[in-house]
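Undergrad: Here is how the chains run, residue by residue.
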Amino acid sequence: MTVREVLETYNEISIDKEITEEIIIFTLYRRQFLIFPPSKDNPASTALLFLCNDDGADFPHIMLNNETLLDSPLIPKGKYRWVCLYEQESLVNSIVSYEDKISDSIERLIELLSMNEIEKEREFQKEFMLYWNANSVEKKPYSVYLTQEDEFAEMDVYFGESNVRIIEKGLYLSDINDRDNDKRKWVRHVENDVFFIPISDNRGIYPPRGGNNWASQEIKNIVFSQQVEHISDSVFKQINCTIPKTQNIILVFGMKSEWSNVTFAVKIKCKNNVRHSLLKKILYDIVAINPLTTERKDYLYFNEQLGNDIGLLKKKVLVVGAGSLGSYVAFELVKNGAAHLKLYDREMLEDDNILRWAYGGVGVGSNKAKIISTLLGLLHPEIEVIAEPKNIDERSLIEETSCSDLIIFTIGNSDEQLKFNRILKASQCAIPVIYTWLEAGGKYSHILYVNYQKKGCFECLYTNENGDLINNRARMNSDDIMDTAIIRNGCGGTRAAYGTTSLLRTTAALLDIIQKVQMNELTESVLVDVSPESVCISCTTFPMEACKCCGN
Amino acid sequence: MKLKKEFSDFYKAIRISSETNALREKRRVLQEDIESKLPDILKKHDISITKSDIKMIDQGSYKYNTTIIDDVVDRDVAVIIPLDITKNDDPRKIKGYLRDSINIASRTVYIKEPCVRASYYENEREWLHIDLPLYARYDEKLYLARGKETSSNFSWENADPVGLNDYLCEKINGNAQLRRIICYIKKWRNEKYSSTENDHEIPPSIGLTLLACDCFSALSTDDSDDDLRSLQKTMKSILNKFSIKKDQNGEIISASLNCYLPVSPYTDVFIKMKESKTHMITFYKRFSKAVANLTSAVQLESEHDAGEYVQKVLGPVFIVPAKEAVAAAAQNRREHSFGD
Numbered sequence: 001m002t003v004r005e006v007l008e009t010y011n012e013i014s015i016d017k018e019i020t021e022e023i024i025i026f027t028l029y030r031r032q033f034l035i036f037p038p039s040k041d042n043p044a045s046t047a048l049l050f051l052c053n054d055d056g057a058d059f060p061h062i063m064l065n066n067e068t069l070l071d072s073p074l075i076p077k078g079k080y081r082w083v084c085l086y087e088q089e090s091l092v093n094s095i096v097s098y099e100d101k102i103s104d105s106i107e108r109l110i111e112l113l114s115m116n117e118i119e120k121e122r123e124f125q126k127e128f129m130l131y132w133n134a135n136s137v138e139k140k141p142y143s144v145y146l147t148q149e150d151e152f153a154e155m156d157v158y159f160g161e162s163n164v165r166i167i168e169k170g171l172y173l174s175d176i177n178d179r180d181n182d183k184r185k186w187v188r189h190v191e192n193d194v195f196f197i198p199i200s201d202n203r204g205i206y207p208p209r210g211g212n213n214w215a216s217q218e219i220k221n222i223v224f225s226q227q228v229e230h231i232s233d234s235v236f237k238q239i240n241c242t243i244p245k246t247q248n249i250i251l252v253f254g255m256k257s258e259w260s261n262v263t264f265a266v267k268i269k270c271k272n273n274v275r276h277s278l279l280k281k282i283l284y285d286i287v288a289i290n291p292l293t294t295e296r297k298d299y300l301y302f303n304e305q306l307g308n309d310i311g312l313l314k315k316k317v318l319v320v321g322a323g324s325l326g327s328y329v330a331f332e333l334v335k336n337g338a339a340h341l342k343l344y345d346r347e348m349l350e351d352d353n354i355l356r357w358a359y360g361g362v363g364v365g366s367n368k369a370k371i372i373s374t375l376l377g378l379l380h381p382e383i384e385v386i387a388e389p390k391n392i393d394e395r396s397l398i399e400e401t402s403c404s405d406l407i408i409f410t411i412g413n414s415d416e417q418l419k420f421n422r423i424l425k426a427s428q429c430a431i432p433v434i435y436t437w438l439e440a441g442g443k444y445s446h447i448l449y450v451n452y453q454k455k456g457c458f459e460c461l462y463t464n465e466n467g468d469l470i471n472n473r474a475r476m477n478s479d480d481i482m483d484t485a486i487i488r489n490g491c492g493g494t495r496a497a498y499g500t501t502s503l504l505r506t507t508a509a510l511l512d513i514i515q516k517v518q519m520n521e522l523t524e525s526v527l528v529d530v531s532p533e534s535v536c537i538s539c540t541t542f543p544m545e546a547c548k549c550c551g552n
Numbered sequence: 001m002k003l004k005k006e007f008s009d010f011y012k013a014i015r016i017s018s019e020t021n022a023l024r025e026k027r028r029v030l031q032e033d034i035e036s037k038l039p040d041i042l043k044k045h046d047i048s049i050t051k052s053d054i055k056m057i058d059q060g061s062y063k064y065n066t067t068i069i070d071d072v073v074d075r076d077v078a079v080i081i082p083l084d085i086t087k088n089d090d091p092r093k094i095k096g097y098l099r100d101s102i103n104i105a106s107r108t109v110y111i112k113e114p115c116v117r118a119s120y121y122e123n124e125r126e127w128l129h130i131d132l133p134l135y136a137r138y139d140e141k142l143y144l145a146r147g148k149e150t151s152s153n154f155s156w157e158n159a160d161p162v163g164l165n166d167y168l169c170e171k172i173n174g175n176a177q178l179r180r181i182i183c184y185i186k187k188w189r190n191e192k193y194s195s196t197e198n199d200h201e202i203p204p205s206i207g208l209t210l211l212a213c214d215c216f217s218a219l220s221t222d223d224s225d226d227d228l229r230s231l232q233k234t235m236k237s238i239l240n241k242f243s244i245k246k247d248q249n250g251e252i253i254s255a256s257l258n259c260y261l262p263v264s265p266y267t268d269v270f271i272k273m274k275e276s277k278t279h280m281i282t283f284y285k286r287f288s289k290a291v292a293n294l295t296s297a298v299q300l301e302s303e304h305d306a307g308e309y310v311q312k313v314l315g316p317v318f319i320v321p322a323k324e325a326v327a328a329a330a331q332n333r334r335e336h337s338f339g340d
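Which chain is which? The protein sequence lines are A and B, in order. Residue numbering for the first sequence follows our numbering, beginning at 1 and increasing consecutively. Residue numbering for the second sequence follows our numbering, beginning at 1 and increasing consecutively.
Treat the hints with care, as some may be off.
[Unchecked claim] Subject to a maximum C-alpha distance of 20 angstroms in a straight line, what follows is the list of computed SDA-like cross-link-like pairs (lysine to any residue):
(1) B:Lys323 x A:Asn116
(2) A:Lys280 x B:Glu25
(3) B:Lys312 x A:Glu161
(4) B:Lys4 x A:Ile222
In case anyone wonders, no lab produced these hints; they're calculated from the structure.
Using the sequences provided together with the hints, build the complete structure.
TA: Right, dumping it as structure tokens:
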């Protein structure tokens, strides 16, 4: 079927002009559209639709600017705005026929034009930032850094060369004092007070769009609406009792729903009523508003966007051991929502290490913990990795338990693990502790989660039913494999053979276990065996009743 | 459960969970005006009360938490004053004093039969009215001041606004499905009577609320409440309460529905509608149509088709899900892409 033949199957459509056999201008619901067919040479393509000569159409998914690519002698002169009917990479187009693609685009257009107010509101809110930023006249984008999205907050403004940072008070960004030669990269400006106002009910809040730009009334409606309360009582109270120090103010609004999470900033110019509260300033003093190009840049937002568990966000994680496994674990912890790490390791990075070191050859000759701290700090200015270039001792470990939320041991030395286990048990450690280690040969690894308030500890693995100390019962390698999987390089020096598959597998399983601990899905101490075939609760008897460290 | 998400989205869209700060502020200022001015006005007419004698209590949907979005915010606040109604036997005068105490330029104030109404306008559009039913506390009983300012029909009517609040709060609080059903029925009423201006033609909220409480059928499946079936069954039970008379041609010539206040004065809440046969017949026909549409929705297998019937009842805010064939086709083509 041709485009014309497909269009003719719709009673709602009347064909106005056939530019070519496949490029047609038609009318649907009193609006005129131009359709280009999908390319027959490109199976991934879809039909393209443009709204013709209609600046007033108030529908979502219709681009704000006229399309200049249509400057062709074939196309009648006019204004054409692209109608975006498909989310990027939302459908597999290659499995759809040419005719079905045309029908599908028409069905979607009909659906778009038939939306009720609630559906339109939802779609406009999904595209809120597109409209908001298109409406801004400020050249520099404003990057917003928040630690939370539910409470009213005061913020600081720092101007940089190409953008402006708006940072919630109390949030420290590690690069805020950086200098370019002698010049500060970020200069704090105090001429505008800045406040974050979370919107808890977004009904009826539309972005500015063609002919419907925001004015003071839209701002008033958010904080003092007539029918739907857009902000919480506590936020209202704070707006009502906050007295701004400056005449003009920047307001940062956060609006989170199940279909979008947007943050938009606006500068409001106010009459000079110095004693007015923020509420009164908004209600009575606004003389002009200036929408600011806004983008969220904080660690919380990025983690939420990626679907990370944000339970780790404010937790302090102590990682003991910055060797091969520690380097992978630290790297992935930070990328999975843990912004505050402390690392202990006295070792230097050597050439021998780099093939199973998460960051390649950067920093050879330097302390491993320090290298990780430096590199992870580059990921995001909220990330704080403190490096302790030494091995942890008993006193430090006790101190760390009082200021950490989670301890992870990524060391393979059994004597050290047993020593730390005894210290933690004796101190009735109240925070979760995880021991993870690899077996030589690259096949097996283990993760032991210990809740020291309950039964089970690391020493259970080294204890038999009679309470005698024996070698690690969780070990899965045979003695033969142990012998062949150890590389000896003279003078007693050895190196266990394992590759990064084992490191990656163990790190992934560890992250899952951390999440379960965070979600309180895991409360009892447990041993997990990791192998290429499975990640499962170990068959090794655990806890061991006769354990002299934790048993009865 | 059919249309679970659609009903959930609909409820979120129509519901008002609390008084806005703007409304609270208006109410606070109104209360301050009454407390500061009414005693002086009454004193001029030899009625002595103090500020602390005046009690104001919430009534209506804001009290029972069954408020829905409407063109105009409707707030009911009872004003209770100690008053000897044997000496002050004309409630119209007392309502006039209450009106005078709040009659300032920022509000439009007038006397209605059961209350004094303060209306608020913005850009020439009324956005809020606060109805103030006035009660006299006399001999340990409350009496509602009834009668328009110039009407010869007036009385002090024994009433129990606190008892009514208690009755409805006990029924509704803790019963989330009932609360939703009341909101749906009120939304149906607003949709079907959107172009009706005469209050007496429109089923009152208190009547619909009491009927919904009386006739409510809780229905749920294993995983959640089934609001469609609950709404259909509740409305059908309400419909069954109508008494209908038909002529020889089967045309309805009268429709009656009795619903009495569960507390003093135990009057029929539809009494004003019953002043005209037509109003009750229209009410019955529209209600009957709604039940028929909901019954079709319950019986249909297709969520899309069922949604279309529900939309006829609850209006365009209720979103009809996509046709199953279209949804399935789209599902089959959905990309598994994991993004950047």
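Undergrad: Against each hint, give a clear statement of whether it holds in the structure.
TA: Evaluated hints:
1. At roughly 17 angstroms between alpha-carbon atoms, Lys323 of chain B and Asn116 of chain A fall within 20 angstroms of each other, so this suggested pair holds.
2. Among the hinted pairs, Lys280 of chain A with Glu25 of chain B is consistent with the structure: their alpha-carbon atoms are about 13 angstroms apart, no more than 20 angstroms.
3. The suggested pairing of Lys312 of chain B with Glu161 of chain A is violated, with an alpha-carbon distance near 57 angstroms, which exceeds 20 angstroms.
4. Among the hinted pairs, Lys4 of chain B with Ile222 of chain A is inconsistent with the structure: their alpha-carbon atoms are about 30 angstroms apart, more than 20 angstroms.
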